[in-house]
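Please build the complete structure, drawing on both the sequences and the hints.
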Amino acid sequence: VEVDVASTADTVLVVVTPGMGDAVQANKAGLLEVADVFAVNKSDRPDAADTRRDLELMLDLSDLTGHRRAGTGTGTRPRIISTVATTGVGVDELADVADAHLVAQVAAGALAGRRENRWRAEVRSHLDRLLLDASRSATAGTLPVSGAPGVVARSLSEWVADRLLGHRIQGDSAAGEPAGY
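In my numbering, each number is its position in the sequence shown, counted from 1, plus 153.
Heads up, a few of these hints could be off.
[Stated by the list, open to error] Beta-carbon label-pair distances, calculated as ranges:
1) V256 / T161: 16 to 26 Å
2) G241 / L214: 27 to 37 Å
3) E246 / A274: 27 to 37 Å
4) T239 / S290: 48 to 58 Å
Read the hints as simulated data drawn from the structure, not as lab findings.
Where a beta carbon is used, it is the ideal one built from N, C-alpha and C, also for glycine.
What follows is the structure, encoded as structure tokens:
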């Protein structure tokens, strides 16, 4: 699961299952920092209580270190709901908690900010792609290879190589050279 994907939702629901190490993996993947609601699915399994406890402990640790909740809307601790998807146990409660999170964001005035942050990130990502595409087009087949062996052999500094590349992309305006020549 990509954490970047989580930024596209108004309420982020992370589902973990017992016995798969999902709670620990959620911590490693940074999902504790972005989750608004957790669901422990397959909660009818014997090890479901352990999974829930692991999540609670990791959230407690995050609370102590102050290492979560940035940009999640309300800054509140995520609720953990036990569910059994095959029987529907806990599904209504999960939906209610997700709805309540959205209502809390609106009441706190956080939803508009979250959406604005998402919009800014999308624009930034789009601009990054455009700049990367433009730089690749400008340098396709025209990179100054004369400096490349020097960089590899460490006889030419990366700064000098960067300057050569910048000159190649921007062109020499004093000599009237267009970019890429």
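Exercise. May I ask you to test the hint 27 to 37 Å on the CB atoms belonging to E246 and A274?
Key: holds, 31 Å
Quiz item: Using the C-beta atoms of V256 and T161, is the stated range 16 to 26 Å upheld?
Solution: Distance hint for V256, T161 holds at roughly 20 Å.
Quiz item: Is 48 to 58 Å a correct range for the gap between the Cβ atoms of T239 and S290?
Solution: The hinted range 48 to 58 Å holds for T239 and S290, with Cβ atoms some 52 Å apart.
Quiz item: Between G241 and L214, does the beta-carbon spacing fit 27 to 37 Å?
Solution: holds, 32 Å
Hint compliance for this structure: no hint is broken.
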